[in-house]
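There are 2 protein chains.
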Amino acid sequence: MNNPFAPLPEPPYYAVIFASRRRGPDRGYGEMAERLSDLASGQPGFLGMETARDSDGFGITVSYWRDREAIHAWRDNALHLMAQRLGKTRWYDHYTLRICKVETARKGAEQE
Amino acid sequence: MNNPFAPLPEPPYYAVIFASRRRGPDRGYGEMAERLSDLASGQPGFLGMETARDSDGFGITVSYWRDREAIHAWRDNALHLMAQRLGKTRWYDHYTLRICKVETARKGAEQE
Chain A
1 MNNPFAPLPE
11 PPYYAVIFAS
21 RRRGPDRGYG
31 EMAERLSDLA
41 SGQPGFLGME
51 TARDSDGFGI
61 TVSYWRDREA
71 IHAWRDNALH
81 LMAQRLGKTR
91 WYDHYTLRIC
101 KVETARKGAE
111 QE
Chain B
1 MNNPFAPLPE
11 PPYYAVIFAS
21 RRRGPDRGYG
31 EMAERLSDLA
41 SGQPGFLGME
51 TARDSDGFGI
61 TVSYWRDREA
71 IHAWRDNALH
81 LMAQRLGKTR
91 WYDHYTLRIC
101 KVETARKGAE
111 QE
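Line order of the protein sequences matches chains A and B. Quick note: the first sequence uses this note's numbering, first residue 1, plus one each step. Quick note: the second sequence uses this note's numbering, first residue 1, plus one each step.
If you're looking for bench data, these hints aren't it; they were derived computationally from the structure. Mixed in with the good hints, there may be bad ones.
[Unchecked claim] Some chain B residues close to chain A (C-beta under 7 Å, calculated; not the full set): (1) Leu8; (2) Met49; (3) Glu50; (4) Ala52; (5) Gly59; (6) Arg66; (7) Arg75; (8) Asn77; (9) Thr96; (10) Ile99; (11) Val102; (12) Gly108; (13) Ala109.
[What the hints assert, rightly or not] In silico DSS-like cross-links for lysine-lysine, where the CA-CA straight-line distance does not exceed 25 Å: (14) A:Lys107 x B:Lys101; (15) B:Lys101 x A:Lys101; (16) B:Lys107 x A:Lys107.
[Said to hold, decoys possible] Simulated coverage check for chain A against chain B, where a stretch passes if three residues somewhere in it have a Cβ under 8 Å from a Cβ of chain B: (17) 32-40; (18) 56-68; (19) 72-81; (20) 98-104.
The structure presented is a predicted model; accordingly, all values stated were derived computationally and were not measured. Heads up, the beta-carbon is just placed ideally off N, CA and C, and yes, glycines get one too.
The following block holds chain A by itself, in its conformation from the complex (with noise of 0.2 Å):
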């Protein structure tokens, strides 16, 4: 199993936080999730991904950044890549999407 974690680093950075619900049928959402994923990791100041999907379709996406500049450049290059391949397919009925800050971070495991 991958690691769902993103690396920690030491903030100041920035989040991308995308809540989605999805509607029913795939209609090519996993490849084109897959093709976002690989676009954002080869992109400037991409820090990291996590992402999880109850079974009932709604979703949370958090992508990691060095800075808005990063954000920017990221979002063009996703909206054109959705854009050559959408077509007239749709894949959420409602989403939304906040910029963040990030100011404090830490992690922890719990000992048996």
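Position chain B against the provided structure of chain A, taking the given hints into account.
Here is chain B on its own, set in the frame of chain A:
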């Protein structure tokens, strides 16, 4: 189905991003998560909460707060509740916690 999206107030406000990987069986986790969620809802400065968990146990919970003072008060109460209930139960094998200032926020819905 309940609305899984948190309200989207005008920034600035704060987000707590909690990513975690669950250990195998439930061991009272569901009940605890529900109690923590109830506790947060009654807390001054609480704006909303979103959560998604994969079938393989990796989850992201984001709670939204008016300011850092509200987060600190909530943390103290949550730790108190968990200390009372936790006993020797362990729910996570790893987690990360980030506190962020939300700078911009927007929503969208695709049109057919």
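Here is how each hint holds up against the structure:
1. At its closest, the beta carbon of Leu8 (chain B) sits 6 Å from a beta carbon of chain A; the interface hint therefore holds under the 7 Å criterion.
2. Hint on Met49 (chain B) is violated. Least Cβ distance to chain A is approximately 11 Å, over the 7 Å limit.
3. Among the interface hints, the one on Glu50 (chain B) holds; its C-beta lies about 5 Å from the nearest C-beta in chain A, closer than the 7 Å criterion.
4. Using the Cβ-Cβ criterion of 7 Å, the hint placing Ala52 (chain B) at the interface with chain A is satisfied: the shortest such distance is roughly 4 Å.
5. The beta carbon of Gly59 (chain B) comes within 5 Å of a beta carbon in chain A, closer than 7 Å, and the hint placing it at the interface holds.
6. For Arg66 (chain B), the shortest C-beta to C-beta distance to chain A is roughly 15 Å, which exceeds 7 Å, and the interface hint is violated.
7. A least Cβ separation of about 12 Å between Arg75 (chain B) and chain A goes past the 7 Å threshold, and the interface hint is therefore violated.
8. Taken as an interface hint, Asn77 (chain B) does not check out: its beta carbon lies about 19 Å from the nearest beta carbon of chain A, beyond 7 Å.
9. Contact between Thr96 (chain B) and chain A, as hinted, is supported at the beta carbon level, the nearest pair being about 5 Å apart and thus within 7 Å.
10. With its C-beta approaching chain A no nearer than about 5 Å, Ile99 (chain B) sits inside the 7 Å limit, and its interface hint holds.
11. Among the interface hints, the one on Val102 (chain B) holds; its C-beta lies about 5 Å from the nearest C-beta in chain A, closer than the 7 Å criterion.
12. Taken as an interface hint, Gly108 (chain B) checks out: its beta carbon lies about 5 Å from the nearest beta carbon of chain A, inside 7 Å.
13. For the restraint placing Ala109 (chain B) at the interface with chain A, the shortest Cβ-Cβ distance is roughly 5 Å, inside the 7 Å limit, so the hint holds.
14. For the given pair, Lys107 (chain A) sits about 19 Å from Lys101 (chain B) by alpha-carbon distance, which is consistent with the 25 Å threshold.
15. Between Lys101 (chain B) and Lys101 (chain A), the direct Cα distance comes to roughly 5 Å. Compliance with the 25 Å bound is thereby established for this hinted pair.
16. For the proposed pair Lys107 (chain B) and Lys107 (chain A), the alpha carbon gap of about 30 Å is over 25 Å, so the pair is violated.
17. Counting residues of the region 32-40 of chain A whose CB falls under 8 Å from any CB of chain B gives 0; the rule of at least 3 is not met.
18. Closer than 8 Å: that is the beta-carbon criterion, and the region 56-68 of chain A has 5 residues meeting it against chain B, so the requirement of 3 holds.
19. By the rule of at least three residues with a Cβ nearer than 8 Å to a Cβ of chain B, the coverage given for the region 72-81 of chain A is violated, with 0 such residues.
20. Coverage of the region 98-104 of chain A by chain B holds in this model, with 7 residues showing a Cβ closer than 8 Å to a Cβ of that chain against a need of three.
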